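Protein chains: 2
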Amino acid sequence: MLAEHSPGFDPATPWLDCETLPTRESRLFQHFKVRRRSPHTEREHDFTRLLCPDWVNVLAFTAPGQGGELLLVEQFRHGIDASTLEIIGGVCDRGEAPALTARRELLEETGHAAGRWLELGSCMPNPAVQNNRCHFFLALDCAPVAELDLDPSEELRVWAAPWAEAEALLRAGTLDHALVMAAFLRLFLWPGWGELERTLRACG
Amino acid sequence: MLAEHSPGFDPATPWLDCETLPTRESRLFQHFKVRRRSPHTEREHDFTRLLCPDWVNVLAFTAPGQGGELLLVEQFRHGIDASTLEIIGGVCDRGEAPALTARRELLEETGHAAGRWLELGSCMPNPAVQNNRCHFFLALDCAPVAELDLDPSEELRVWAAPWAEAEALLRAGTLDHALVMAAFLRLFLWPGWGELERTLRACG
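Protein sequence lines, in the order shown, are assigned to chains A and B.
Residue numbering for the first sequence follows my numbering, beginning at 1 and increasing consecutively.
Residue numbering for the second sequence follows my numbering, beginning at 1 and increasing consecutively.
Worth double-checking, as some hints may not be accurate.
Copies of the same chain look alike in the list, so a pair counts if it works inside one copy or between any two.
As the list claims (entries may be wrong) - Mimicking EDC-like on lysine to aspartate or glutamate, the simulated pairs with C-alpha atoms at most 16 Å apart in a straight line are:
(1) K33 x D149
(2) K33 x E44
(3) K33 x D81
(4) K33 x D17
Don't read these hints as lab results, they were simulated from the structure.
A quick note: this is a predicted structure, and the numbers were derived from the prediction, not measured.
Please model the entire structure based on the sequences and the hints provided.
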């Protein structure tokens, strides 16, 4: 473990429910039911829309001299009521370029900065209902430069995994967040992956 | 193109907006704002929860004698207001096992049935807010057995892509639905992929 928000902290400990309210709008989503008319059949149908900002995910590796390890974040996730292991990620602030969100989230969630940044493309998290994209970044030669700087509701542990271990977590289905898996797919399809993988394996 | 819902149909044609209403509950999601107390800090924070059923995605290939082609679906997606190219997918009915949903969606969306089914694991579409999983299936030796059987609001075109073309669409980022990308990652990590890929390439 590289860092955590307080000693003796276990991200898997459930939170206590205080209140649950149906809502039309939360911190992340504006929820709409839209009635639309088909241009083909002229019939009308209802569809769900969830309007939300863009997101980023960052595959961050420490410098080869520091082990070439993948930075992972362990935190309690309130959707599934359990803790997960994920790569660094977050929500773009209004007007914030995704490349800046990626740098900000790497620094805030892990206290690291990268020596080299590459864009790995993007995806649509759920085009059937959501209007946003998730942007993928590769952060290389990461090194610690600051303490964690978390939102009050963020409680997390930072781990660093050698590539062989990270790959095993992916193969075993432990890293099973769809957006994390999509980021790894883009990494594996990136033309530079063969050379980077050899470098990371040589660190192990 | 293998099939479409009507002649001269272009899935990219936008639908007409009739009505847009903020909502707390739509066909897919129940939307909640929950207040929870941290077991670590005793402080309370608000979180978004979207409760929804499980989903399935199906990587369906025709039999090698029929070209070993990947079945793809082109349809207008109301989240992004544009058409997409995706693999077969859908929502589990209440109490329906994901393996049955996969068979039902393959039949309804493409009119095909598979000679062989394999499970490719699953993912969490968005564990930060959603409580559901998306289950991945590999459907081999698919052949047409029926006409399309679509919901009234579903309008789609079915395409069949030789593996080299499907892979090019993935590399180019045309297949950029996160859940489709996650399904491909699980396919590439599946121990049988090397042999299947050789078979599919030999069809091309």
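Output the numbers, in ascending order, of every earlier hint that fails for this structure. 1
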